[in-house]
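Visitor: What follows is each chain in one-letter form.
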Amino acid sequence: MTAPALRVRASRRFGDCVALADAALEVAAGTVHALCGENGAGKSTLMRVVYGLERADAGVLELGERVDLARHDVAGAQARGVGMVHQHGMLVPTLTLADNAALGHEPVRGGRYDRAAAARALVAAAARLGQRLDPDALAGELTVGEQQRAELAMVAARATRLLILDEPTALLAPREVDALFAMVRAFAAGGGAVVLVTHKLDEVLAVADEVTVLRGGRTVASWSAEVTAAEIARAMIGGEPPPPATRPPPPRPDAAIGLAIDGLVVPGPRGGGVVDVTLRVAAGEVVGVAGVEGNGQRELALAIAGLAPVARGAVAVGGVDVTRAKVAARRARGLAHVPEDRHRHGLVQGASVADNVALGRLGEVGRGALIDRAAVAALTAQLIAAHDVRPADPSARVDALSGGNQQKLVVARELDRPGLRAVLAVHPTRGVDLAASARIHARLRDVAAAGAAVLLIAADLDELLALCHRVVVMYRGALVGELTGAALAAPDARARLGAWMVGATP
Amino acid sequence: MTGRARTIHLAVVALLATMAVGSVLMIVAGASPLHAWGQLLRQTLGERQGFGQVLFRATPLVFTGLAVAVPLRAGLFNIGGEGQLTAAALACAVVAAALPPGLPAPLAVLIATAVAFLAGAVVGAATGAMRIYRGAHEVIVAIGLNAIIAGVALWLGNRSLFVGESTRTATIPAAAQLPELGLAGSSASVSALGALGVAALVAWLLARTRVGFTWRMTGQGLDAARAAGLPVDRARVWAMTVAGGLAGLAGAHFVLGHKHAYEDGLGRGVGFLGIAVALLAQGQAMAIIGAALVFGVLGQGGLAISSDVPKEMVDVLQAVVVLVAAASLGRRKR
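As you go down the protein sequences, you meet chains A and B in turn. Take any residue in the first sequence, note its place counting from 1, add 37, and you have its number in this note's numbering. Take any residue in the second sequence, note its place counting from 1, add 4, and you have its number in this note's numbering.
Simulated from the structure, these hints should not be mistaken for lab results. Incorrect hints may have been included.
Using 20 Å as the maximum straight-line C-alpha spacing, the simulated SDA-like pairs for lysine to any residue come out as follows [unchecked claim]:
hint: 1; chain 1: A; residue 1: 363; chain 2: B; residue 2: 214
hint: 2; chain 1: A; residue 1: 237; chain 2: A; residue 2: 330
hint: 3; chain 1: A; residue 1: 363; chain 2: B; residue 2: 133
hint: 4; chain 1: A; residue 1: 237; chain 2: A; residue 2: 363
Required output: the full structure, derived from the provided sequences and hints.
Guide: Below, the structure is given as structure tokens:
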């Protein structure tokens with residue numbers, strides 16, 4: 038048996054926080070190895086150690102031969118044939134793919150940059166992975182999926198031993214995921230090793246030969262044979278996974294319209310935004326908006342929330358037009374907003390949990406010009422207890438909470454309040470662990486069952502298929518397709534939605 | 005509370021740095037640091053007259069310090085204290101001098117103080133409105149307004165308001181003059197007590213009221229505050245308005261409690277020094293009182309030892325405090 042392409046054991050602390058506690062990983066050449074774990078399990082830290090971006094406090098690293106971890110850096114990792122593709126692309130948008138590929142390694146002929154050689158090298162590298170690409174295309178004009186495939190080809194051209202992909206599919210449509218994974222398989226078939234960092238179990242089962250699970254910085258399980266999603270999930274969370282989300286009961290046929298969007302046009306960056314969207318969500322109904330990121334979902338959400346100016350069209354909550362209303366008036370009308378960016382729009386990071394509760398609930402805790410501190414304390418304690426926010430300390434600063442607990446706090450503040458008519462939830466479980474996701478899904482289900490109209494904007498089709506009565510697809514600023522009822526439950530629903538997400542017409 | 009601990013920590017560091025730099029300067033000037041510091045402290049905190057002068061110097065700094073602290077908490081920087089103070093002092097002196105004779109003293113003081121607050125508030129409101137509704141940076145606007153107000157005040161004075169060939173307006177009636185505190189002939193007046201009360205009021209405003217909450221949330225997370233429906237634009241204009249009024253109270257202090265008229269150059273530099281006071285106090289309203297006293301001691305103490313050490317040393321030491329405070333503020337933001 039030959040030496041593995043990668044063997045690593047590492048420990049790493051950040052202050053009091055243990056990121057890696059002797060985490061171990063071994064990857065054989067010619068295999069795709071999935072590295073799984075919840076947020077904060079240490080997946081990314083371990084891979085950053087391997088790629089030389091992060092120092093280990095102690096450990097062993099072998100890349101074919103023993104590597105001195107104390108002197109290991111990115112240049113050393115690259116020299117040993119290690120490459121890494123990051124979740125958010127690293128391409129310069131104003132350069133062509135060939136120029137991007139050549140950056141820092143420009144081929145030279147006669148003392149000048151040889152652009153043609155760079156283009157030939159990139160095309161050849163992509164072809165080895167079964168991809169065709171246009172080396173003269175500007176990176177910024179490609180879709181996220183095309184950029185990611187191009188980047189993978191560039192990195193793979195240099196990385197002969199080991200390719201690391203850190204959550205590469207977070208921003209991709211299903212069809213683009215398939216194309217990316219085909220390249221990954223081709224790379225492994227050529228003898229290279231791949232580490233795929235992910236927490237999406239269906240991807241693991243689809244593409245990986247072997248699986249290692251980290252939890253709390255330790256390696257808790259490793260399989261090189263058949264394994265089920267349930268087994269991986271149990272290892273990831275160290276117990277039984279929460280039951281999958283379920284759809285709320287269907288809305289009554291005579292239900293009033295909770296949220297109405299009519300001919301909405303919202304300008305966005307580079308001519309994007311919302312081109313023309315009309316959508317009605319009945320009280321008690323959950324409507325999902327699927328789509329590849331950047332197709333106008335953000336502008337749609339901000340316009341409904343009152344945070345982006347509307348060029349044309351109307352938004353109504355509970356039958357009352359709020360197109361020009363201030364945020365406070367929309368909230369008073371019963372609109373709740375779980376924003377896409379909880380750091381920026383959801384919570385005041387430097388303020389306490391209690392202040393952040395008061396922030397969205399001033400109507401309940403205000404007494405004239407004053408704020409009733411007893412009411413703030415009571416409401417905060419109630420929300421913390423009901424939504425299991427940890428630490429259960431109203432005076433804790435929000436930026437000391439984990440991402441999952443921050444999101445639980447936002448959801449608690451926004452959805453656990455009286456008089457809800459319409460709920461706008463944008464990527465509500467992104468970056469949130471399984472247990473917290475399950476709580477958030479249950480909460481969305483409950484508010485719908487209680488009569489709120491829920492508009493759920495998400496990239497995760499599993500989430501949309503599980504929770505929604507109806508799913509529409511947003512593409513280039515418009516709604517291009519809709520599945521409901523039996524069509525949504527049909528086995529081909531994913532494929533149909535996925536096709537619409539990349540521009541196929543229904 | 006972490007905010008309080010941070011403020012205390014900063015105060016200790018600033019004092020140590022100030023004493024270190026001051027000692028070096030004293031040695032360079034040929035004085036014994038031990039002797040000079042001893043003199044400085046004895047003549048400011050060790051005797052009634054000196055302490056009265058410290059209070060007199062600290063009082064307007066409390067007002068201008070608060071005038072920086074309130075916008076600071078709301079995410080704005082008010083360097084317009086100079087102009088706000090000048091506009092307020094001139095308006096206060098002119099109105100007070102024109103008050104009908106026979107007006108009871110409390111009413112006269114109240115009216116004159118209210119005029120000062122309003123005049124400063126108008127300047128502050130203009131600055132805030134330019135920032136929020138026109139997008140002009142409040143620092144640039146304040147620089148412009150400071151210059152305009154200084155020029156207009158002098159022009160108005162020379163044209164009609166100054167008495168005779170002087171650069172001083174008519175003396176205000178006795179009813180509008182604030183009584184002195186009676187600290188061994190020092191200049192400290194009851195406005196020092198007013199400063200204490202106003203600082204407590206601002207602290208209460210920040211901690212307990214809707215508008216104070218909105219200021220704090222806006223300053224710490226503008227987008228999140230907006231997304232939660234807080235009136236962030238209105239609140240920021242109000243923060244600058246109140247700040248202008250607070251700086252205006254410093255003008256009232258000089259007119260009603262000391263000069264009993266407006267003079268050219270009255271309160272000059274006090275608006276800017278308020279920035280240093282607010283930074284040292286990290287924008288915490290009650291800490292402003294302590295910070296203002298530190299600057300009062302430095303200012304008065306510098307005079308006390310001016311036979312041993314050049315009086316410019318005080319300017320240097322005050323700047324050291326500002327630098328330490330500014331560096332600490334930057335660290336908090338990281």
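Visitor: So, for every hint listed, does it hold in this structure?
Guide: Now for the hints, and whether the structure bears them out:
1. 363/A - 214/B: Within the cut-off at roughly 18 Å; holds.
2. 237/A - 330/A: Roughly 18 Å between the alpha carbons, so the hint for residue 237/A and residue 330/A holds.
3. 363/A - 133/B: The hint holds at about 19 Å.
4. 237/A - 363/A: Given that 20 Å is the threshold and the Cα spacing comes to 39 Å, the pair is violated.
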